[in-house]
Amino acid sequence: MGRVHILDTVSQTPPGNRMGPDELRAALTMMLRIRRFETRAKEMFLKGVIKGTAHSSVGQEAIAAGACATLGPDDFVLTHHRGHGHTIAKGSDIRLMFAELMGRAPGYCAGLGGSMHIADFDRNILGANGIVGAGMGLGTGAALAEQLNDTGNIGITFFGDGAANEGIFHEALNLASVWNLPLIFFCENNQYGLTTATETVTAGPNIAARGDAYGVPNERVDGNDVAAVFEVVERAALRARAGDGPTLIEALTYRWDDHSMRANLPSYRSEEEEDEWKTRDPITRLRDRLADAGALETKGYDTLVSEVEEEIEAAIDWAQQQAEPDMDLAMANVLPPAQLNYAEPEPGARCITYRKAITEAFALEMEADENVIILGEDVGATGGIFGLTPGLYDRFGADRVRDTPISEGAISTCGVGAAMRGKRVVVEAQLWDFVTLMMDAIVNQAAKARFMLGGKAKVPIVFRGPQGAGIRLAAQHCQSLEMFFANVPGLQVYAPSTAYDAKGLMASAIANDGPVVFLEHKLLYLGAEQPVPEARYLIEPGRARVVRTGTDCTVVATLAMVERALQAAERLERDGLSVEVIDPRTIKPLDIDTICESVKKTNRAVIVHEAPLFGGFGGEITAAIQEQAFDWLDAPVTRIGAPEMPVPYNDRLEREYMPDARRIAEAIKSVCYRS
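Under this note's numbering, the letters of the sequence shown match residues 8 to 682, in that order.
Simulated from the structure, these hints should not be mistaken for lab results. Honestly, I wouldn't trust all of these hints.
To be verified - Listed next, with one range per pair, are the computed distances between beta-carbon atoms: (1) P354 <-> Q635: 29 to 39 Å; (2) G79 <-> Q635: 53 to 63 Å; (3) V553 <-> G250: 38 to 48 Å; (4) L347 <-> D401: 26 to 36 Å; (5) K58 <-> P80: 27 to 37 Å.
The beta-carbon is built from N, C-alpha and C at its ideal position, and this holds for glycine as well.
Let's have the full structure, built from the sequences with the hints guiding it.
Written out as structure tokens, the structure reads:
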């Protein structure tokens with residue numbers, strides 16, 4: 008079956024609520040508005056007024072107009088890189104859209120996001136996305152928030168045919184079905200993923216039929232018939248509002264233009280195919296339908312066209328007069344402002360373990376804010392494999408302490424979507440190595456959302472889990488990956504080494520309005536009880552702790568390395584060396600001032616971390632010391648880290664792999680006795 012005739016495969020489905028003449032005329036106006044927006048955007052791109060790239064939805068207007076006509080103002084939408092039409096159809100201001108495409112400060116994202124990231128939170132448009140398929144995972148989280156809040160609202164996540172072959176499609180569809188989420192998965196099958204024909208890379212009878220495997224009702228529809236799109240989405244919306252869960256819709260359509268306005272690709276579609284699809288122009292079809300029914304005259308249609316053109320030109324003129332953003336505006340949108348009441352009470356006499364301290368922080372934050380939820384594998388009744396959530400399931404219920412499938416991509420993007428809809432989310436990576444399967448959610452979604460959506464998004468989410476070696480779990484279960492995240496603007500990275508810090512920093516992480524990566528070392532789970540206050544308290548990130556004072560050398564260490572640095576300092580005290588040990592507590596933000604003040608006193612520095620030396624955070628601290636305390640140094644800064652190899656399984660080799668007190672002591676002596 009050729010692509011030209013693919014609409015012949017659309018099954019006949021029972022009619023739902025139908026669009027009357029007034030609704031059809033409104034849909035025609037909306038489609039004309041979308042078409043004119045896209046054609047003028049392309050013209051301005053070719054003239055260099057719009058830069059970078061943008062993706063035209065010319066030919067696909069019926070999908071946006073028909074689908075969004077079913078939604079109420081409080082329903083949400085997540086879209087993709089070809090999302091102008093959906094945003095316009097949901098009611099966004101075209102002036103602000105053009106301003107964003109032109110990179111102007113009054114644009115929807117302050118000129119910081121551009122075409123692929125337009126969001127309008129006032130209209131519950133949670134953003135377009137440059138990552139293929141990401142909106143499906145985010146949509147599960149947004150739908151979960153609506154379900155937990157019992158709002159009755161639903162959402163649509165739009166994605167292309169290419170995204171149907173991404174893993175997140177299957178993970179999100181499964182999660183939405185398991186949790187019965189009020190979410191519509193809407194696939195716009197425009198026949199090509201960039202230049203590759205969809206039918207050549209997509210197994211199975213069709214994309215919609217994949218819903219059967221997950222127990223998700225599914226339908227195929229002629230995506231160039233606005234009334235048919237409206238009817239199929241209306242049926243899905245009614246199911247979702249009734250609590251009957253998700254629906255998968257595949258709409259067959261065709262994009263007239265190339266993949267993007269920037270593309271300069273060799274021809275990959277025949278003229279016959281393109282011409283055949285253009286005869287199915289959704290605007291022409293609707294115009295003729297209304298005319299045949301006596302509901303639209305030629306003069307009336309011409310008036311509509313003229314009015315839309317005037318509207319678009321006025322929007323362009325306004326946008327071109329707006330100012331561009333400056334660096335101060337851009338920097339202000341990277342992190343949310345800190346509005347928390349930090350306090351560090353005395354530890355007191357009560358002692359609990361590191362694990363218990365984290366559990367206690369969860370409980371106190373969940374008591375303080377009913378929006379705090381925990382997502383992860385086995386976090387519910389069993390309390391997790393390391394026992395970090397015992398008792399919380401019984402105390403707060405399955406809705407707030409949610410066992411998930413083994414599906415890191417869905418868990419993490421669901422968490423981000425829920426956070427964007429007002430939940431405070433803790434996402435557990437059962438072992439920190441598994442966080443590599445969450446990288447899109449952490450690095451491309453959570454970290455960048457506030458910035459690329461113009462400062463409008465809050466993403467209060469904590470990604471946490473056990474990292475580090477020492478219990479013989481081998482290379483894929485023992486890595487120290489802190490610098491993966493420290494290099495990403497928009498993320499904070501916390502690394503507590505004591506039970507006191509674990510409780511206070513976890514509370515701060517959950518209360519933060521931005522994303523936090525929270526590192527817990529497995530060896531610290533095995534540690535002895537330590538003094539921890541019973542009451543709730545929040546530790547300010549970016550404030551290092553001087554663990555031990557000294558005068559001859561400064562040692563900076565984190566997590567399990569702090570105790571080993573203390574052991575080295577105590578050994579060297581017998582040799583007459585006085586060592587100061589500093590625990591940064593948070594890697595980002597980093598309290599470099601406390602570190603440099605110590606170095607100015609001791610005149611020497613050793614930095615120790617468990618990760619391999621190359622690319623480790625020791626290099627960053629060393630550079631900062633060189634910049635701020637160089638004149639006080641009596642010896643070069645020395646760094647200690649793991650060798651350039653994965654963590655070995657053999658217990659003797661694993662011990663040799665990890666920096667220990669002996670190696671730290673040798674490094675201290677090397678800088679103190681340097682001739």
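Quick rundown of the hints versus the structure:
1. P354 <-> Q635: 29 to 39 Å: Given range 29 to 39 Å: holds, Cβ gap about 31 Å.
2. G79 <-> Q635: 53 to 63 Å: Once the Cβ atoms are compared, 55 Å apart, the range 53 to 63 Å for Q635 and G79 holds.
3. V553 <-> G250: 38 to 48 Å: violated, 56 Å
4. L347 <-> D401: 26 to 36 Å: holds, 29 Å
5. K58 <-> P80: 27 to 37 Å: Since the Cβ atoms of K58 and P80 sit about 33 Å apart, the hinted range of 27 to 37 Å holds.
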